[in-house]
Each structure stands twice: as C-alpha cells, then as structure tokens.
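Engineer: Chain by chain, the residues:
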Amino acid sequence: MKRLRALPGTLFERHEITAEPDVFRARQAVGRAMDALGAKVIRKTRLVTAVSEIFRNALIYGGSAVVRIYCDAEDRMVWVDCSDNGPGIADMTLAMSDGYTSGRGLGRGLGGAKRLADEFEIVSEPGVGTQVRLAGRA
Amino acid sequence: MVDEIMLVAIDEDINDSDIVALQDHLAEEVHANDAQGIVIDISALEIVDTFVGRIIAQLAGIGILLDAPTYLVGMRPAVAMTLVELGMTLPSVKTARNLQHAVTRLRASR
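First to last, the protein sequences are chains A and B.
Be aware that the first sequence starts at 0, since it is given in numbering that gives the first Met the number 0, and climbs by one per residue.
Be aware that the second sequence starts at 0, since it is given in numbering that gives the first Met the number 0, and climbs by one per residue.
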C-alpha cells in the first residue's frame, strides 16, 4: 500500500489504540496538542471530534491502530496520523459518503471527519490496512 | 429523580459497555418511579461525535416510547456547531438551554 509522506512538525505524542478507552485517551492528547498551540475552542472541538470518528473507526474495523500526533508550531497546525492493519476499505467513495455504514455508526463518520478537518487524506488497500491523516489549524 | 423528572448525565469517556447499562437503568427507573420526563445533561462533554450522538438519540427514543418526554441540556456552543457539520442535528431530540428551562417545559407539558 502506498503510505502517506512524513508529517510536518515535531512528534507530540504517540498512542496505540487497542480498546475503547484508548480512543478517549488518544483524542484527549489531540486536544492537548491544540491547547499547546493556543487553539480556539471551536477549532479544538472540530479536530478532536474528527479524530474521535477516525480512531473509533480504526478500532471497530481495523481492530487496532497506531496514532501519531505532530505539532507544527510554524504553521500552527496539529497533524494526526492513524494507521491500522485491518481489512481495508474496498470502496472508498461509498465509505466516504454520508448515510453509509457497514457497522454500528450513523454512517456519517468518515465524511463528517473530512468536513471537520482542515486537511484530510486517506489511503487504504483491502487486506493491508488503512491510513488516515488529518490536520486542524489552531 | 427530582420532582418526578429523571436526570441523566453522560460522562465524557462513555463507552460501548456503559451504554446498555445506562439504557437499562434509564428505562427501569422511568418505569419504577413513574417519571414524567427525562433530562439528559451533556455539559461534561467537550465533544459529541456520531457515537455519542447515537447514544443520545437512543436514550431519547426510549423516553418517547415510555411516555417520558426527554430534553437534552448543557450542549456547548462548539458542540452544536460540530454536530451540524457532522449532519447530526438530532431531529427527534428536544433541547433546552439548561436544566431549569427543561424542567419548566416538562411541567408545562403535563
């Protein structure tokens, strides 16, 4: 699978998501990264909500995931990479569309996360995994 | 329970295993105490994602089926803005600015 290029900025925290409480811990860390850059509440809320959707998807569909959070102080951006080695997404257009769910969600997770983030990229290969990279401006 | 109105506060780190317990508790308490209404307090929540949104919709749905009108209170402004962008406007859930407003409306509707 084509992997996305390295993230800008410096590594803030790395988290492994293997169970539900990890989703909460990892998204709290994204909130702290936004705080570290002096983000406004609405900007922090948007990114933390977006990553919450992504982390939960990675846990439910991917089984587990590794999250890396980067702070780019120069551009005042927080970048988040979430990679799993799960089954991957066969039909990306379908997965990104509102109303589609293959699981327990409302079918607005991926598309909603993309709308809430300032930058959003996703690559996936069936049988290999999924990598999502998103960013929010502080 | 306060004045036949049941209060439910959702914690920030609520997870899948808590949900069924919360739904069960809510349904049983409403039934056992003849609750006239339910108020769900989300003031502790810094974010509401589609997972928690679904929980809120389900709790309100249980309230409707048990004839206990349900109000959601304590939503932060940034949460309202992100819910709209998620496309999750919770059309079946009534909201009030705070607990007092919710209680006033519940009493007026009896």
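A couple of the hints might just be wrong.
[Stated by the list, open to error] In silico DMTMM-like cross-links for lysine to aspartate or glutamate, where the CA-CA straight-line distance does not exceed 25 Å:
no., chain 1, residue 1, chain 2, residue 2
1, A, 39, B, 40
2, A, 113, B, 45
3, B, 93, B, 11
Since the hints were derived computationally from the structure, they do not count as laboratory data.
Engineer: Does each hint hold? Answer for all of them.
Structural biologist: For each hint, the structure was consulted:
no. : hint            : verdict
1   : A:39 with B:40  : 24 Å, holds
2   : A:113 with B:45 : 19 Å, holds
3   : B:93 with B:11  : 21 Å, holds
Hint check: no violations occur; every hint is consistent with the structure.
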